Amino acid sequence: MKKISSVISIVRFTVADELHHKSFFALLAVCVLLIIALRGCYRSGYVVNGRRLDGIAVAWHTALAAYHAVAVFGLFAAMIFANRALRRDRDNGTARFILSRPVSRLHYCAGKVIGTWIIAFAFMFLLHAAVFFMTLTVGGGTLPLLPVASLACGINLAFIVCLFCLLSTALAEFASLAAGAAVVGVSFISDSIHAVVHSSVVQSALLPAGSPQTFTASWWRIAWPKVAALQYYGASLIKGEAFVTMGPIHPLANVAIYAVLLFAILVWRIEREEL
Amino acid sequence: MTPIVFEHATKRYGGITAVDAVSLHIEEGEFCALLGPNGAGKTTCIKMLLDFTRPTSGNVFLDGLPSTAPPARSHVGYLCENFLIPPHLSARAYLKRAAALCGMSGASAARRIDFLLELVGMKDRCASPARTYSKGMVQRTGLAAALVNAPKILLLDEPVSGLDPIGIRDVRRVLEGLKPDRVTVLLSSHLLSEAEKVCTTAAIINRGKLALRESMENLLEKGGSLEDIFMQTVQAP
Numbered sequence: 001m002k003k004i005s006s007v008i009s010i011v012r013f014t015v016a017d018e019l020h021h022k023s024f025f026a027l028l029a030v031c032v033l034l035i036i037a038l039r040g041c042y043r044s045g046y047v048v049n050g051r052r053l054d055g056i057a058v059a060w061h062t063a064l065a066a067y068h069a070v071a072v073f074g075l076f077a078a079m080i081f082a083n084r085a086l087r088r089d090r091d092n093g094t095a096r097f098i099l100s101r102p103v104s105r106l107h108y109c110a111g112k113v114i115g116t117w118i119i120a121f122a123f124m125f126l127l128h129a130a131v132f133f134m135t136l137t138v139g140g141g142t143l144p145l146l147p148v149a150s151l152a153c154g155i156n157l158a159f160i161v162c163l164f165c166l167l168s169t170a171l172a173e174f175a176s177l178a179a180g181a182a183v184v185g186v187s188f189i190s191d192s193i194h195a196v197v198h199s200s201v202v203q204s205a206l207l208p209a210g211s212p213q214t215f216t217a218s219w220w221r222i223a224w225p226k227v228a229a230l231q232y233y234g235a236s237l238i239k240g241e242a243f244v245t246m247g248p249i250h251p252l253a254n255v256a257i258y259a260v261l262l263f264a265i266l267v268w269r270i271e272r273e274e275l
Numbered sequence: 276m277t278p279i280v281f282e283h284a285t286k287r288y289g290g291i292t293a294v295d296a297v298s299l300h301i302e303e304g305e306f307c308a309l310l311g312p313n314g315a316g317k318t319t320c321i322k323m324l325l326d327f328t329r330p331t332s333g334n335v336f337l338d339g340l341p342s343t344a345p346p347a348r349s350h351v352g353y354l355c356e357n358f359l360i361p362p363h364l365s366a367r368a369y370l371k372r373a374a375a376l377c378g379m380s381g382a383s384a385a386r387r388i389d390f391l392l393e394l395v396g397m398k399d400r401c402a403s404p405a406r407t408y409s410k411g412m413v414q415r416t417g418l419a420a421a422l423v424n425a426p427k428i429l430l431l432d433e434p435v436s437g438l439d440p441i442g443i444r445d446v447r448r449v450l451e452g453l454k455p456d457r458v459t460v461l462l463s464s465h466l467l468s469e470a471e472k473v474c475t476t477a478a479i480i481n482r483g484k485l486a487l488r489e490s491m492e493n494l495l496e497k498g499g500s501l502e503d504i505f506m507q508t509v510q511a512p
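Going down the list, the protein sequences come from chains A and B. Position 23 of the first sequence, counted from 1, bears residue number 23 in the numbering used here, the numbering being contiguous throughout. If you want the numbering used here, it's the position in the second sequence, counting the first as 1, plus 275.
This is chain A alone, in the form it adopts within the complex (with noise of 0.2 Å):
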């Protein structure tokens, strides 16, 4: 109980230092703007060759758009977050502070990760909410399954908070964050490359009818960190599409793996740092 306690108020800790930080609302407001900006999305008349279109549709492709970038913003938020919360522990004495107490350093990482993800998350989830309310009062359309494509994402945070807390144990501060947005990217172009040759409409183009779909995608983007096929899941949550995995290995699955294995990890490394 007591060691539950412990991490509980780390946990607490983390979310009130990342909320002292002047980034944390900077970061917000530009993302709640953009999503206002949104807005005039849902109500214009589009009209294609002469024709009106209907405007439940465009706002539930607006609102779908949104998702995507929504959940991006919120991997970008999570590693800058991620990126110095250890650092910053390590900095201003809070490190040898709390490990100066009867606080394991399984317990430390624990509620240093949780606390990160949670602020990750909300961020994510505050503006995954905006686009649910706005496609509904302003669009008139809704996206039911819009939160369980939100949580979906959240497990990508997790591993994003993984990683980027483990590179900054041992990189310098712009190089672990460049090496994180390394990992992301790849995952992004290999998984968006899939996610495009798999989609109905160049399957439509480049398939015959009936002939069966191939899959040859080399072992190594089969077992990359798919962080934007989970994105890519969610959406296909959203439009009550059938999704196409990469390989035997679900991204859920793989990301979560990911996620153990970096935490794994950095509990080691931080077991063995001096402070």
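These are computed hints drawn from the structure, not numbers from a lab. Just so you know, these numbers come straight off a predicted model, no measurement behind them. A portion of the hints provided could be inaccurate.
What the hints assert, rightly or not - With a straight-line Cα cutoff of 27 Å, these simulated BS3-like cross-link-like pairs (lysine-lysine) come out:
1) B/472 to A/22
2) B/472 to B/454
3) A/3 to B/371
4) A/22 to B/410
On the provided structure of chain A, position chain B as indicated by the hints.
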């Protein structure tokens, strides 16, 4: 049970031996001054006690437990050298955090925090953010945080560094107040005159080795001041 035990504790950083087979027992209620020139290994000894760094060989025990076990720190207070407080936190918020990590909450924690803020003279500024504090105020808050759980063992690394004479006197007064409670204190300091006034024993570390371990009374009976004995010890070939 001896609260602080070093058994042939050695710490090497690559080819450099920071602490060399130090064996030291500090008994309950003892106020031990850990003295030595810069780089002698004083801070490394304190870090080994708190599991901030692990000995390359030998053993370190705190409160009867191996120093690597978190419960060993249950009744320990610690004030580090160059102590810092996150700039947005007030002294009260910082002490609340310290109390929460020690499993204290509610009215008893609030009473203890009020008492400590009064004790270290931070009552008037306890709501201001730490970015507005002087070095001395930060140090006083750190001392209060070290005492929040009414520790049985107090580890102080340069507790008076940066303090003015009034602050130094106040810290001495606080430490003297712990003597009736039989708190064990390990105080690392460069201020020999302060160590002489507060501590009951002294351990001098030189080039990582324990060079001298004696009660303050015996040391001073040998003649001269602690400073003279310190200089003789560290300058010995």
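Status of each hint after checking the structure:
With a CA separation close to 47 Å, the supplied pair residue 472 of chain B and residue 22 of chain A exceeds the 27 Å bound. Under the criterion of a C-alpha separation no larger than 27 Å, the hint pairing residue 472 of chain B with residue 454 of chain B is consistent with the structure, at around 13 Å. Simply put, residue 3 of chain A and residue 371 of chain B have alpha-carbon atoms about 18 Å apart, close enough for the 27 Å limit, and the pair holds. A distance of roughly 25 Å separates the Cα atoms of residue 22 of chain A and residue 410 of chain B; the hinted pair therefore holds under the 27 Å criterion.
The structure is inconsistent with hint 1 alone, although it conforms to all the rest.
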